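Peer 1: Just so you know, the protein sequences line up as chains A and B, in that order. If you count the first sequence from 1, position 110 lands on 396 in this note's numbering, and the numbers rise without skipping. If you count the second sequence from 1, position 173 lands on 174 in this note's numbering, and the numbers rise without skipping.
Check the hints yourself; a few may be wrong.
BS3-like, lysine-lysine: derived pairs with alpha carbons at most 25 Å apart [unchecked claim]: (1) B:Lys46 - A:Lys310; (2) A:Lys994 - A:Lys1065; (3) A:Lys1032 - A:Lys994; (4) B:Lys87 - B:Lys51; (5) A:Lys922 - A:Lys1112; (6) A:Lys1243 - B:Lys258; (7) A:Lys874 - A:Lys922; (8) B:Lys62 - B:Lys168; (9) A:Lys503 - A:Lys437; (10) B:Lys258 - A:Lys931; (11) A:Lys782 - A:Lys656; (12) A:Lys656 - A:Lys874; (13) A:Lys296 - B:Lys51; (14) A:Lys783 - A:Lys921; (15) B:Lys258 - A:Lys1236; (16) A:Lys1243 - B:Lys270; (17) A:Lys401 - B:Lys270; (18) A:Lys437 - A:Lys1185; (19) A:Lys866 - A:Lys778; (20) A:Lys1112 - B:Lys125; (21) B:Lys125 - B:Lys168; (22) A:Lys456 - A:Lys437; (23) B:Lys87 - A:Lys402; (24) A:Lys575 - A:Lys503; (25) A:Lys931 - A:Lys1243; (26) A:Lys402 - A:Lys442; (27) A:Lys310 - B:Lys51; (28) B:Lys258 - A:Lys1112; (29) A:Lys931 - B:Lys270; (30) A:Lys1034 - A:Lys1061; (31) B:Lys51 - B:Lys168.
Calculated from the structure, these hints are not laboratory results. Since the structure is predicted, the reported quantities are computational estimates derived from the model, not experimental observations.
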Amino acid sequence: MIVRCIVNGKNVEVNVAPHETLRKMLLSLGHFAVRDSDDGEGFAGSDTVIFNDRPLYSNLLLAAEAEGATIRTPDSLATGRELNVVQEAMIDAGVVQSAYNAPAAALLLTWLLEKKPNASRSDVAEVLSGIFIRDAGYEHYYLAVELAKEKLRSGKYSSTIAPEFRDHLKYVGKVKPKVDGRQLVAGWRSYVEDRVDPNACSMVLLRSPYAHAYITKIDTSEAEKMDGVVTIITAANCPDVFYMSAGQGNPEPSPYDRRLFNWKMRHVGDRVAAIVAETEEQAIAAREKIVVEYEVLKPIFTVEEAMAEGAPIVQNGAAEYLSGEPEGLAEYNKGVDPREGKIIYPFPLHGDNRRNIASRATGAIGDIEKGFAEADEVIERTYQTSQIQCTPLEVHLCYTKIDNDRLVIHASTQVPFHTRRIVARVCGIAENKIRVIKEKVGGGYGSKQDILVEDVAGYATWITRRPIYYRNTREEEFIANSTRHPMRITVKMGAKKGGQLTSVYMDVRANTGPYGNHCLTVPMNACSKTLPLLNCPNIAFDVTTYYTNIPPTGAYQGYGAPKGSFALMTCLAEMASVLKVDPLEMAKINHVERGFMLEILKSLGEGREGTPVPVGSCGLRKALDLGAKMIDWGKKEVCEDPNWKVGKGFAMIQQGSGLPGLDHSMCDVVMNTDGTFMVHSGGADIGTGLDTISVKCVSEVMCVEMDKVSILSGDTDNTMFDTGAYASSGTYFSGGATLKAALNLKEKVLAEAALQMEEAVEDLSLQAPGEVVSKKSGKVLPYGELIHQAVSGLGRGQLVGYGSFATEDAAIPYGAHFAQVAVNVKTGAIRVDKFYALQDAGTPINPELALTQMYGAAQKSLGHTLYEDMALDEEGRCIAANFTNYGVPMISEAPADFKAVLIDENDEFGPFGAKSISEIATNGAAPAVANAIYDAVGVWIRSWPITPEKILREMGKIT
Amino acid sequence: MIGEFIRTASPQESLGALHDGGEGTHFIGGGTEILRLGSLINPQKVVSLKGLNLSGIEEEKGIVSIGATTTFQEALESELVPRYLKEALLYCGSYTRRNMGTIGGNIALRRDDSYLAPTLIAAKARLILGDIASDGKYGEENIPIREYHSFEEHFEGSLILKIVLNKPKRFVASLRYARTMQSPAAVTIALGADISSDAPHDVRIAAAIKGSGVVRLIEVENGIMEGRYPTVEDAAAQAAQDLVLVDDITGSAAYKKYILTASVAELYKQCLDAISKGGAQ
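Please build the complete structure, drawing on both the sequences and the hints.
Peer 2: In structure tokens:
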């Protein structure tokens, strides 16, 4: 049927099918910034348009309903290169990060200000109530609107965007527009989906309906005859290669227990077959024709079930070792069922797959038994954390094609180089045959550290030579992705009457689900990013990770730390309560400070011995003191309504900045032939502003404006190796490499200038706006002239700086999060009224982005603490596989008083004194809120999510 | 998959198209349910209500009429809509969805986490329905909304045209319990009563309970009207007595029972407070 309407001021006439949604129609008209994050759930808002002057979800409207309508899409906001005032304000406020629905948010806020030029905070909250922001949180959206209002009113901003740092620096520590902010907020082509050739094939996956089963028969013959089918890949015809999806340093501290397709299904949603066809409809139709028969096995879902004597075994294949093979392996592998596949350990992880144990680790300092004997009080508490989905707005997807007889992967990944290595292993080809191009990443949060879609799409393209587009559905994001490991953590703690800890023991039992990606490192992180906060002389830990049949787990922002932090910091508060010591005083008595030697780190390496280092820069005490002052610690607040009781809590937090001794980043900086600069960074900016950090480093060193520096990052053909964006490594490692490259280039520029100017290097320096100056002669050589002479016939060639960054030095970020909650004693309802996140990030290179990452991460962790729940039924099916049922926090769940504060603490190792910022911010909410709830109503809730029902049960109101 | 999109210009035409379309034919108003991921409705044909001019809000002699395709947001922006209904309209936490979802659509869906049904039942709302009788003639009827919920099959194929509210002297309040603003509610409950005298009468208590549907707590209504409960807690104790409650993602059956009980106590108390203050909301 024909629909006539006006789109962005133009009359259009479109032939649409009756079932076609408005979004589909708009895509066909080229409005690709109308995106989709929820498959038409009407939740995330990436598909928002203004329809007859009202915001609507275009996925929930039939195109046929658009007859006579006037429609505005996000790409209408910019005029050519010129962004509108709201788009500019969003960049300046730091909310344009992974930005998958930033264009939609810009459209909504533009529309709001057209209607209400003096829009209030509640107007903003109302309009943004239908849009899900996972990365930056919502707080700076209010600021963006204020900035836009100011600009519209007076032509300039009067609000302070963020504090600035280091007066002697011009770019670092200053509020500057994110270098990719314009393209992201405007909705220009940025993401994988924007690169797909319209003629590309489509791939869909057939997934297991059973949590634990063998495939006894699979018949694809009818499906293969279907129109458009290119290939179908199953366990019967895929490479017999075992590998690991975790994008970690090589050798990976995870077992190779995955195959593209297996004969055994280990979770609901496990891969059964990949169907590649000319169109998505054809692929889906062919999927229906595949006949699969299963032998269903008893599944297990919890650590307790996995530990039980005689429990079903999830991974019962033959174990192999690439190094460190244990004695008796042949006996161990006797009689295994070949359908189980195998497990290859790059090195021993102390797993025992016959007992469902994926990995184990243990460590200690001092003598914990002696410490417990010396204690006046000893308590032992067990805490349970739940499975949490990362929920990036852009689902996992990739576009693969053949170019120049090589496999090209357009990926939304945090780890382009690990992706290349792992896909090469799967395809059985060398790395030089593969190019991975990291496109803009519409949200990763750890889940895109795993190679979850590139392996199968890459292999399918390699064998068919066809371009293939694959995109997870939102449901697949929940059931077949990577998630936070559920953990059961027991903490035993001993302390003197005055509060001094004498001994701490953590027993971490983690649930890795069907596969062992990150099975050692995430659970170890629960210890390694929490125990070193304490200056206790006797510490020990045991970490055991179990296979089960829950949906897969993996990396998630914070890694294991949020779970360890929940257990350890809540237990510390519980101990304070037992001792009748103020929890804040107890924390101050027991936290580490600069110079304290972190001996515990020796036991906390990632599969090998770690390196003890002293605490370096540490803003922990400052964060505690300032946070306590802000929240008026010690003052009991009272609500007018006697049903609401108010409590306060806090937690000390830390993280790391990459993995010293393991991570490695490289970068080169080229001086272009006009004296501008091109940075080639191996680092993977996933929206956090890493590219902006690199550009700032070069601008600072070379004394040029940021628009004279461009960057290409995360392209395996055109940048050098970088371990990738995980473990909070971006600023420290990738930024560190760029700084080294810039300094290297500076040396070369000065040396070249010395030759050209016939002066001594010592007499030369760089100055703005991009020139070499001699303090001796006063002569000036602009970069443009310098490079022209270097590359024009008789010169010495292009000037390129090279930086390789690896270190044993740790730049540990610290902080404290404070919460004030109100709990309704009649209904158990919980309201987070205040949340203050105070963090020491060293020198925040991008202060406005640092703040918004803190807001985003803190809001995420409030979600984990209070709402989010990947509930499974008794068969292992996720019954919350969409945003609505799963329960992500939106603007309505943001604390009314929400503050992020950067504690100024220069670091001696990071680039310009910087440390990491974002991951640490996921660690504080759970213990801070749990402790505040206890303060309010006197009950400890020791499991996620902390729901009203749990509070009522603990209060004895529900039995 | 929708194979046919039918535009109509009058309720009569719409009902005719629905009838002629046969099984698998549905009205489409805001679209927030029919096209929604996970919707249980999988229509082959849809009859658009857009051209029927069913939206709009009017008041005459204290009677407020709300057109069925009025969106939640349009109703919220109207000065004619009573505050208690606005409270319920805001239970739909997404502004964008409120701009799409229609009041008639929400009623017609009869969801077990309905935003509006408890409040409208408590308010003694009436529905104007259009229908085609067996003789093929178009007719309209005015029914209490409680009947629409109680005799679902009887109104199958009817078209909600208007929602009618009588404003004066009625206390109506509601409570909703969900993990987040946009999570499905475990319980949404409303209590309405005529408070023009010293004691509540003409009491209506209705709850949308996840897994159990929209129910009226008739025993409690009668008990309150008959003055059987000396305290609000006595009334509350009766609240969940005969209900079949289930465990689900919103909470356990025990939680729902507790919340129902606590909510009846709270709403009844608010009602008595309103009487003691001598006025209705």
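Peer 1: If a hint holds in the structure, say so; if it doesn't, say that too.
Peer 2: Results of checking the hints against the structure:
no.: 1; hint: B:Lys46 - A:Lys310; result: holds, 19 Å
no.: 2; hint: A:Lys994 - A:Lys1065; result: holds, 23 Å
no.: 3; hint: A:Lys1032 - A:Lys994; result: holds, 15 Å
no.: 4; hint: B:Lys87 - B:Lys51; result: holds, 23 Å
no.: 5; hint: A:Lys922 - A:Lys1112; result: holds, 20 Å
no.: 6; hint: A:Lys1243 - B:Lys258; result: holds, 11 Å
no.: 7; hint: A:Lys874 - A:Lys922; result: holds, 21 Å
no.: 8; hint: B:Lys62 - B:Lys168; result: holds, 9 Å
no.: 9; hint: A:Lys503 - A:Lys437; result: violated, 66 Å
no.: 10; hint: B:Lys258 - A:Lys931; result: holds, 23 Å
no.: 11; hint: A:Lys782 - A:Lys656; result: holds, 13 Å
no.: 12; hint: A:Lys656 - A:Lys874; result: holds, 23 Å
no.: 13; hint: A:Lys296 - B:Lys51; result: holds, 23 Å
no.: 14; hint: A:Lys783 - A:Lys921; result: holds, 24 Å
no.: 15; hint: B:Lys258 - A:Lys1236; result: holds, 14 Å
no.: 16; hint: A:Lys1243 - B:Lys270; result: holds, 20 Å
no.: 17; hint: A:Lys401 - B:Lys270; result: violated, 41 Å
no.: 18; hint: A:Lys437 - A:Lys1185; result: holds, 24 Å
no.: 19; hint: A:Lys866 - A:Lys778; result: holds, 18 Å
no.: 20; hint: A:Lys1112 - B:Lys125; result: violated, 28 Å
no.: 21; hint: B:Lys125 - B:Lys168; result: holds, 10 Å
no.: 22; hint: A:Lys456 - A:Lys437; result: holds, 24 Å
no.: 23; hint: B:Lys87 - A:Lys402; result: holds, 21 Å
no.: 24; hint: A:Lys575 - A:Lys503; result: holds, 14 Å
no.: 25; hint: A:Lys931 - A:Lys1243; result: holds, 16 Å
no.: 26; hint: A:Lys402 - A:Lys442; result: holds, 19 Å
no.: 27; hint: A:Lys310 - B:Lys51; result: holds, 20 Å
no.: 28; hint: B:Lys258 - A:Lys1112; result: holds, 13 Å
no.: 29; hint: A:Lys931 - B:Lys270; result: holds, 20 Å
no.: 30; hint: A:Lys1034 - A:Lys1061; result: holds, 18 Å
no.: 31; hint: B:Lys51 - B:Lys168; result: violated, 28 Å
The structure shown violates the earlier hints numbered 9, 17, 20, 31.
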